[in-house]
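> Chains as they are written, first to last, in the working numbering: chain A, 860 to 977; chain B, 860 to 977; chain C, 860 to 977.
There may be inaccurate statements among the hints.
If several chains are the same, the list does not tell them apart, and a pair holds so long as it fits within one copy or across any two.
Claimed, not checked - Taking lysine-lysine pairs in the DSSO-like style, the calculated list, with each CA pair at most 27 Å apart, reads:
1. Lys-887 - Lys-936
2. Lys-918 - Lys-936
3. Lys-887 - Lys-955
4. Lys-935 - Lys-887
5. Lys-936 - Lys-864
6. Lys-887 - Lys-897
7. Lys-936 - Lys-897
8. Lys-864 - Lys-897
9. Lys-887 - Lys-918
Please keep in mind that the hints were generated in silico from the structure rather than gathered at the bench.
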Amino acid sequence: MGILKVLFHVNEMERWDTALGNITNLIKDVGRDGVQIKLLANGPSVAAYSDAARLEAMKLLAADGTVFLACRNSLKKMCSGADVCLTEEALPPFIKVVPAGITEIIRSQGEGFAYVKP
Amino acid sequence: MGILKVLFHVNEMERWDTALGNITNLIKDVGRDGVQIKLLANGPSVAAYSDAARLEAMKLLAADGTVFLACRNSLKKMCSGADVCLTEEALPPFIKVVPAGITEIIRSQGEGFAYVKP
Amino acid sequence: MGILKVLFHVNEMERWDTALGNITNLIKDVGRDGVQIKLLANGPSVAAYSDAARLEAMKLLAADGTVFLACRNSLKKMCSGADVCLTEEALPPFIKVVPAGITEIIRSQGEGFAYVKP
Numbered sequence: 860m861g862i863l864k865v866l867f868h869v870n871e872m873e874r875w876d877t878a879l880g881n882i883t884n885l886i887k888d889v890g891r892d893g894v895q896i897k898l899l900a901n902g903p904s905v906a907a908y909s910d911a912a913r914l915e916a917m918k919l920l921a922a923d924g925t926v927f928l929a930c931r932n933s934l935k936k937m938c939s940g941a942d943v944c945l946t947e948e949a950l951p952p953f954i955k956v957v958p959a960g961i962t963e964i965i966r967s968q969g970e971g972f973a974y975v976k977p
Numbered sequence: 860m861g862i863l864k865v866l867f868h869v870n871e872m873e874r875w876d877t878a879l880g881n882i883t884n885l886i887k888d889v890g891r892d893g894v895q896i897k898l899l900a901n902g903p904s905v906a907a908y909s910d911a912a913r914l915e916a917m918k919l920l921a922a923d924g925t926v927f928l929a930c931r932n933s934l935k936k937m938c939s940g941a942d943v944c945l946t947e948e949a950l951p952p953f954i955k956v957v958p959a960g961i962t963e964i965i966r967s968q969g970e971g972f973a974y975v976k977p
Numbered sequence: 860m861g862i863l864k865v866l867f868h869v870n871e872m873e874r875w876d877t878a879l880g881n882i883t884n885l886i887k888d889v890g891r892d893g894v895q896i897k898l899l900a901n902g903p904s905v906a907a908y909s910d911a912a913r914l915e916a917m918k919l920l921a922a923d924g925t926v927f928l929a930c931r932n933s934l935k936k937m938c939s940g941a942d943v944c945l946t947e948e949a950l951p952p953f954i955k956v957v958p959a960g961i962t963e964i965i966r967s968q969g970e971g972f973a974y975v976k977p
């Protein structure tokens with residue numbers, strides 16, 4: 860059935876480890892050329908994009924072709940709160956920002972990406 | 860790619876706020892005419908359909924075209940418990956009841972609706 | 860639209876009861892011949908495959924045609940930990956092992972199975 864395509868949806872901080880583990884296992888199983896992988900983070904989970912330890916793991920997966928996406932609405936919402944503000948400019952280059960995460964999820968499924976909620 | 864279609868699946872009370880926020884952002888992003896939205900509540904989450912504050916927010920989204928669905932099995936199960944009983948007749952008119960929520964989820968995906976679990 | 864097809868994804872122990880209840884309601888709604896059902900367990904949720912009470916319930920659903928799948932990666936990971944080790948040989952015959960659960964989820968969606976995360 861040709862190359863596999865999948866979007867992982869992460870919207871809670873506590874699901875990141877599972878998601879990154881799933882992606883690692885998937886690449887081990889079908890090879891980096893056997894699958895096209897996107898991970899879309901929205902909601903509070905975007906805060907992981909400022910976590911050095913997790914970014915290190917993501918960077919390795921990005922080098923294998925995984926595309927990491929951040930929802931702009933969620934980044935803005937985080938900055939309107941007190942704790943952490945993560946500007947788009949501060950994001951590592953392997954993370955792409957999309958205007959609305961949910962729209963990306965819907966369009967991706969329309970383009971044949973499977974949906975997985977880790 | 861024409862109009863987008865999406866079904867949001869809510870089966871826990873604590874996911875309602877995220878779901879309604881997702882829908883609000885989605886409509887802001889693509890416009891009320893750019894997307895066909897269903898929200899299917901089953902399990903304990905159907906209790907939100909008796910919560911006045913949440914119903915107010917849903918009503919606004921329903922006016923923009925979002926279809927709110929309740930699983931009949933879940934309504935019945937709630938009524939067999941002690942706390943709250945929500946009869947179908949007591950539901951606001953913008954909420955539709957489906958016999959089995961899971962069947963609705965499966966059929967919708969077969970009809971081209973993307974699946975999102977907030 | 861012909862026979863329905865669905866894959867249930869369970870990756871947390873606490874979602875098993877909901878998943879098995881969903882399947883029971885689904886079969887009640889459309890009949891055992893109206894739907895093709897797979898349940899894929901990965902992550903810590905595979906431990907349920909060593910739980911006698913839950914296996915009893917699964918066995919009944921399996922007799923109605925539900926296919927129960929276990930992720931081999933997850934079984935191995937459980938065995939590398941301290942508590943419980945569940946070997947493939949110890950699994951009841953109605954449970955099939957797949958090399959990587961995520962791959963199964965992606966392929967199934969490509970084959971027209973709806974995705975449900977209980």
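> At most 27 Å between C-alpha atoms: does Lys-918 with Lys-936 qualify within a copy, between copies, both, or neither?
both (25 Å within a copy, 24 Å between copies)
> Are the CA atoms of Lys-936 and Lys-864 at most 27 Å apart within a copy, between copies, both, or neither?
Answer is between; shortest inter-copy Cα gap is 25 Å, intra-copy 30 Å.
> Tell me, please, which holds for Lys-887 and Lys-936 at an alpha-carbon limit of 27 Å: within, between, both or neither?
between (36 Å within a copy, 15 Å between copies)
> At 27 Å max between alpha carbons, let me know whether Lys-935 reaches Lys-887 within a copy, between copies, both or neither.
Only across copies: Lys-935 and Lys-887 sit 15 Å apart there, 35 Å inside one copy, limit 27 Å.
> Between copies, within a copy, both or neither: which fits Lys-864 and Lys-897 at Cα up to 27 Å?
Both: 8 Å inside a chain and 20 Å across chains, each within 27 Å.
> Cα distance capped at 27 Å. Does Lys-887 pair with Lys-918 within a copy, between copies, both, or neither?
within (16 Å within a copy, 32 Å between copies)
> Check Lys-936 against Lys-897 for me: Cα-Cα at most 27 Å, and say if that holds within a copy, between copies, both or neither.
both (22 Å within a copy, 25 Å between copies)
> With 27 Å as the alpha-carbon cut-off, assign the pair Lys-887 and Lys-897 to within, between, both or neither.
both (16 Å within a copy, 23 Å between copies)
> Evaluate Lys-887 and Lys-955 at a C-alpha cut-off of 27 Å and name the case that applies: within, between, both or neither.
Both: 24 Å inside a copy, 20 Å across copies.
When the structure is compared with the earlier hints, no violation turns up for any of them.
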